[in-house]
Each structure stands twice: as structure tokens, then as C-alpha cells.
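Spelled out, the chains give:
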Amino acid sequence: MSELKNLKGRKVLVHDMALRDGMHAKREQISTAQMIAVATALDDAGVPLIQVAHGGGLGGNSLQHGFALHSNEEYWDAVIPKMKQAKVSALLIPGLGTMKELQSAYDHGVRSVHVATHCTEADTSPQHIAYARKLGMDTTGFLMMAHLNDAKGLAAQGKLMESYGAQTIYITDSAGYMLPNDVIERVRELRAVLKPETEIGFHGHHNLGMGIANSIAAIEEGASRIDASVGGLGAGAGNTPLEVFVAVCDRMGIETGCDLFKLMDLTQDIIFPMMDHIVRVDRASLTLGFAGVYSTFLLHAERLSKKYGIPSRDILVELGRKKMIGGQEDMIEDTALTMAKERGLLKDQAA
Amino acid sequence: MSKIKCAIIGPGNIGTDLIYKLRRSAVLEPVWMVGIDPTSEGLVRARDMGLKTTDKGVDGLLPHVLADGVQIAFDATSAYVHKSNSDKLNALGVLMVDLTPAAIGGLCVPPVNLQQHAEAQAMNVNMISCAGQATIPIVHAVSRIQSVGYAEIIASTASKSIGPGTRANLDEFTYTTSNAIQKIGGAKKGKALIIVNPAEPPMIMRNTIYCLTDEMPDEPRIRESILQIIGEVQRYVPGYRLVNGPVFDGKKVGVWMEVEGLGDYLPKYAGNLDIMTAAATRTAEMFAEEILAGRYHLRPVAVKEAA
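Just so you know, the protein sequences line up as chains A and B, in that order. The first sequence begins at 8 in my numbering and counts up by one. The second sequence begins at 3 in my numbering and counts up by one.
Honestly, the hints are just simulated from the structure, not real lab data. Quick reminder that beta carbons are idealized off the backbone N, C-alpha and C, glycines included. Among these hints, one or two may not hold up.
Quick list of simulated restraints, FRET-style, between CB atoms [said to hold, decoys possible]:
| # | chain 1 | residue 1 | chain 2 | residue 2 | range |
| --- | --- | --- | --- | --- | --- |
| 1 | B | PRO40 | A | GLY143 | 37 to 43 Å |
| 2 | A | ARG34 | B | GLU291 | 51 to 57 Å |
| 3 | B | GLU291 | A | GLY351 | 26 to 32 Å |
| 4 | B | LYS185 | A | MET259 | 56 to 62 Å |
| 5 | A | LYS89 | B | LEU229 | 52 to 58 Å |
BS3-like mimics (lysine-lysine), calculated; alpha carbons at most 25 Å apart, straight line [said to hold, decoys possible]:
| # | chain 1 | residue 1 | chain 2 | residue 2 |
| --- | --- | --- | --- | --- |
| 6 | B | LYS58 | B | LYS90 |
| 7 | B | LYS253 | A | LYS313 |
| 8 | A | LYS166 | B | LYS162 |
| 9 | B | LYS85 | A | LYS107 |
| 10 | A | LYS313 | A | LYS330 |
| 11 | B | LYS58 | B | LYS85 |
| 12 | A | LYS159 | B | LYS162 |
These stretches of chain A come out as covered by chain B in the derived footprint (C-beta under 8 Å, 3 or more residues) [as the list claims (entries may be wrong)]:
| # | segment |
| --- | --- |
| 13 | 96-105 |
| 14 | 323-331 |
Start from the sequences, fold in the hints, and give me the full structure.
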């Protein structure tokens with residue numbers, strides 16, 4: 008790799024994911040009091056954008072993705088009135104969320120949205136991106152599992168989303184699989200095709216421990232928005248940990264506008280005590296990163312591993328082999344059932 | 003035996019696959035294919051298969067309806083033009099089978115409620131969506147045993163099988179399917195999720211159906227009911243198969259299905275398209291049998307002007 012560029016003075020907009028991606032790590036069980044505590048602390052630390060929603064975003068409450076303690080509307084109504092400077096955002100995955108829910112998000116004060124598709128299916132998002140723009144929302148095209156499309160292919164998908172009205176295109180490393188060079192070539196290719204005013208963002212997962220390095224690599228190539236999660240609270244081994252990212256930015260002279268010490272305190276005093284398990288690189292989350300599997304599958308695979316007696320690593324590797332993508336959580340139990348049948352672990356099976 | 007003559011509107015994947023299905027039918031005969039683009043490959047294909055074609059839309063078909071004896075039309079275009087197509091053909095007494103998500107007519111899932119539509123002498127029936135055809139029979143199989151408070155379905159489809167119309171209007175698919183899970187499936191609340199998966203080789207259509215019963219599920223009766231209805235669907239979609247389940251987890255009933263197509267015009271993985279064309283054909287055959295038996299009276303329907 009070439010020598011690191013001098014990034015002093017570069018401005019980056021950080022977007023916290025703990026209260027959306029972090030919902031996955033909490034099995035959607037974050038209380039409104041916890042939401043308020045985290046969001047107000049993030050607001051006070053100067054974080055400009057905070058995502059608040061079910062882990063699956065709009066329409067996420069389901070048997071497929073779990074039912075949260077509260078509706079998205081209840082979470083927004085609790086958090087948004089307390090924000091002094093931060094804007095609240097949401098996630099919309101077409102096929103799960105709809106424009107009706109987007110309208111409701113707007114009505115409850117949400118002003119920014121990630122409209123997310125698999126990295127090859129951008130053309131399932133035109134009506135949602137257009138609708139978000141019509142509402143006047145800050146609108147992002149969010150290309151998930153970005154390692155499964157090459158740089159040129161991903162750039163073409165980003166260009167489609169830009170044509171629907173997206174103002175920022177995100178490279179979303181949902182599996183935490185990418186290495187800095189993977190990020191660099193994708194940002195470079197996007198930058199080459201997008202309009203100069205269209206921003207580029209990077210959303211990392213820490214499954215290979217590359218969240219920070221990948222985010223810095225993205226900034227080097229011209230990305231100006233970075234998703235991170237305070238305390239790393241997120242799916243898999245968590246998102247790029249926000250406080251670590253801000254510390255690195257401070258050292259490099261990249262301007263985030265965030266108060267590092269306040270974020271450290273929030274991490275230590277509120278986020279860590281909230282965690283049901285230590286969100287870190289461990290056997291299962293490393294498997295996700297190594298095999299390129301959607302990070303959200305982790306806790307589902309661990310639950311079904313116990314139910315059917317199949318090691319979660321075996322389930323995750325098989326899901327990777329079958330090329331399952333985000334949203335196919337139902338296929339985890341299907342895969343576990345089929346593996347249990349093959350291994351003679353299921354007795355009472357109709358089919 | 004004489005056959006009922008049919009027109010197909012929309013020479014895309016669905017419309018072309020319908021030609022194969024209709025030609026195999028003992029009571030239906032495809033005679034017209036309607037398109038709007040003179041350079042469309044689909045119109046060329048239809049001509050090669052012996053159909054008359056027009057590139058002037060439904061207006062190009064209307065002058066020939068009576069002379070050619072067209073009695074049933076299939077609309078495989080889009081929700082936005084369906085009402086106009088349906089009004090024009092209904093006015094000439096042509097029965098409309100709607101494969102778009104427009105859902106202006108009664109919703110039809112053959113093993114659940116086809117007979118009722120025939121008895122009601124409907125002039126427009128809607129086939130809901132591929133996911134609806136693939137999952138509502140299972141929801142119905144549970145709800146006819148005991149009440150279902152909530153049903154959720156997840157349809158996973160191969161990227162290559164999802165055309166530009168569906169992609170550009172994904173919400174209509176979601177709304178129409180969710181609504182039909184309630185109205186036809188019998189669940190008090192319904193939710194539909196769709197996944198478009200680009201894996202190569204393309205994945206066979208998969209559907210997962212979850213039902214939450216109000217009381218603890220009667221496992222043996224629900225299992226029997228599900229297996230029975232799968233057999234019903236297999237009569238017109240032989241590749242409709244149970245992969246796993248039913249799994250009972252408290253009040254949750256989980257069923258994992260796959261749908262392999264016949265591989266007529268569309269490859270076998272595109273079970274989602276096949277189940278639509280097969281269900282539409284099955285529906286039209288039922289009407290055709292009734293018409294041929296003199297029990298179904300097609301009648302011109304005056305076009306109601308929009309307010």
C-alpha cells in the first residue's frame with residue numbers, strides 16, 4: 008500500500024449506529040430510557056447524526072427480525088424532542104419497509120434515511136429514494152454486503168441510486184469482510200462516476216478488526232461520511248467503534264466535531280453495562296468476517312445452534328456457501344433443520 | 003371439444019410463459035398477444051408460436067374481440083394500466099384474469115377460493131402476487147383449523163426472475179400480498195417480506211410461512227391440513243414442495259417451502275413466475291369449464307367513469 012495521505016483538516020460527518028445496528032446485538036430489547044440516555048449523551052458529545060430504529064429499520068418488527076420492546080414511533084417520540092443539535096435518522100430496506108412507514112418516520116421527526124438494498128439490487132429502491140427526497144430528507148443509498156460486488160459493478164449500482172435522488176452513496180460492509188484495499192478500489196470507482204456533489208460514505212463492521220482502518224482508507228479516497236457505533240454496539244463483532252474512530256481522527260487531524268472524552272465516558276458508563284454479551288471479535292463473529300456472512304445472522308445462528316445441536320460456525324459457513332443475503336434470517340432455521348436432518352439429529356420430522 | 007379463446011396482454015416473461023401453459027390446456031387456447039412496442043421480442047416470439055399480435059395496446063385488440071371470439075384475457079402488464087385494460091375488455095364481455103398487483107377484482111388463490119369466484123360470476127379476478135400464490139394456501143391451511151392472529155411470509159426470489167416492473171414498484175407487491183394474507187389467508191394481521199437474491203447459479207424460489215395461532219396449535223390437525231393443501235397446489239404446480247416443517251414453537255407454526263417451475267419459457271428456478279402463470283391458467287380453466295357447460299354467462303360490463 009502507498010504511504011498514507013495527509014488528512015489533516017479533512018471534515019467527516021459521523022453517523023452513530025448504536026441505537027439501530029446495536030438493536031441487533033440487544034435482540035431488539037433496548038428500553039426507551041436507555042435510548043434517551045445514549046442519544047442525549049451522543050447529542051451532548053456533538054455527534055451530528057444518530058440512527059434510531061429497530062435493527063431491521065422501518066417495518067422491522069416481525070417474526071423474521073424480532074419484535075422490539077417498542078414501536079419505532081415510540082422510540083422516536085422519546086428521543087427526538089430531547090435532541091439539541093443532532094438529527095435522527097432511520098433505515099429503510101425495500102421489501103421490508105415501505106413508503107407508508109417512511110412517511111410516519113418523517114411525521115415523527117426523522118430527517119435522514121439510509122435506503123438500503125443488496126449491493127446488486129439498487130433498482131428495488133427508486134420509489135423509496137424519490138419519496139424520501141420529496142419529504143426533504145437527507146437521503147442515502149446504502150449498498151449492503153458490498154464485498155459481493157466488484158468495484159465497477161458497485162459504482163454502477165451507486166450511480167443508479169444517485170439517479171433516483173440519493174445524495175450520498177454508502178459502501179456497506181455488512182459482513183465485516185472487506186480489507187482496506189477492497190474499500191479503496193470501491194470508493195475510487197464510485198468517485199469516478201458520481202457527480203462531484205454526491206457524497207460517499209462507509210459503514211463498517213469489526214468482524215476482522217478492520218473497522219477503523221477501513222474507514223480511514225475510505226476517507227483517504229474521498230469518503231466524507233462514516234457510520235460508527237459508540238462502544239461498538241452493533242451486529243456481529245459490532246460496528247466501527249465510534250470513540251476509537253474519533254480518537255484516531257483526532258490524532259490524524261481529521262475533523263469530526265465530536266468530543267472524544269464524552270464518547271469514552273458514554274461507552275464505559277452506559278454502553279458496556281447495557282451489553283448482554285461482550286460485542287467483540289470471537290469465534291462466531293470472526294467466522295462472519297472470514298466467510299463473508301451477514302453480521303445480523305450471528306445471534307440467530309447461536310440460538311438455533313442450541314436448538315438443533317449444530318455448531319453455529321457450521322451453520323454460518325453453510326449460509327455463506329449458499330450465498331444467503333441480508334433479510335434471509337428465515338433461512339438460518341431452514342439450514343439448521345436441513346443440517347440436523349442430514350446428521351440424523353431430527354427424529355420427528357414431517358418432510 | 004371446443005376451447006375458450008384467450009388474449010394475453012403484455013409480451014414479457016409472464017405473458018410468454020402463459021402461452022406455454024395455455025397451449026397445454028384442454029379448455030383454453032391462446033389466440034392474441036397484445037404489446038405496445040413494435041420492436042418487442044415478445045411479440046415476435048408470440049407470432050412465431052402462432053398467435054395474432056398487435057403493438058397498439060388493448061385498443062389494437064378491441065376490434066377483433068368479437069370476430070375472433072376472445073372470451074378470457076390475461077393482463078400481465080402493470081398495476082397502473084390494468085384498470086383501463088380491464089374496463090375496455092369487460093365492456094365487450096371479456097373476463098379478465100389480472101396478474102398485476104392492481105387488485106381491482108376479487109383476489110384469487112385457486113385451492114382456497116376459486117370456486118367462490120366462479121359462483122359469483124366475477125368478470126375480473128386478481129392473482130395477487132407470486133408470493134401470495136406460494137404462501138396463502140399454507141396460511142389458509144392453518145387458519146381453517148384454528149384462528150391465526152398474525153401471519154408473516156418471507157419470499158426469497160432469484161434476482162434474474164424479478165423484472166423491472168416489480169423492482170420499480172416493490173411497495174405495491176408488499177401491500178397487495180399483506181392484504182391478501184388477511185383477506186384470503188384468513189389471518190387477522192398479515193405481513194409480507196420479499197428478498198431478491200443475486201446468487202449464481204440462481205436460487206430456486208423459497209418461501210417461509212410463520213403463523214401465530216391465538217391458542218396453542220393443534221399439531222396433528224395443522225400438519226395434516228398443510229400436507230393436504232400442498233397436494234392441492236401440486237395439481238397445477240408440481241414443483242411446490244415442503245422443505246422443512248411444520249415446526250411448532252409455542253404458538254408459532256413455521257413452514258419452509260420451495261417452488262420449482264416447470265421450465266417452460268422461464269428457467270426452473272423462477273418458480274415465482276411459474277406459480278403465477280400456473281395459478282392464472284388454473285383459474286381460467288375453471289371459468290372455461292363453467293362457460294363451456296353453460297353455467298357461466300359472460301356479460302358486457304358498462305365502464306364506470308371515475309368520479
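Problem set entry | Numbers of the earlier hints that this structure fails to satisfy, in rising order | 3
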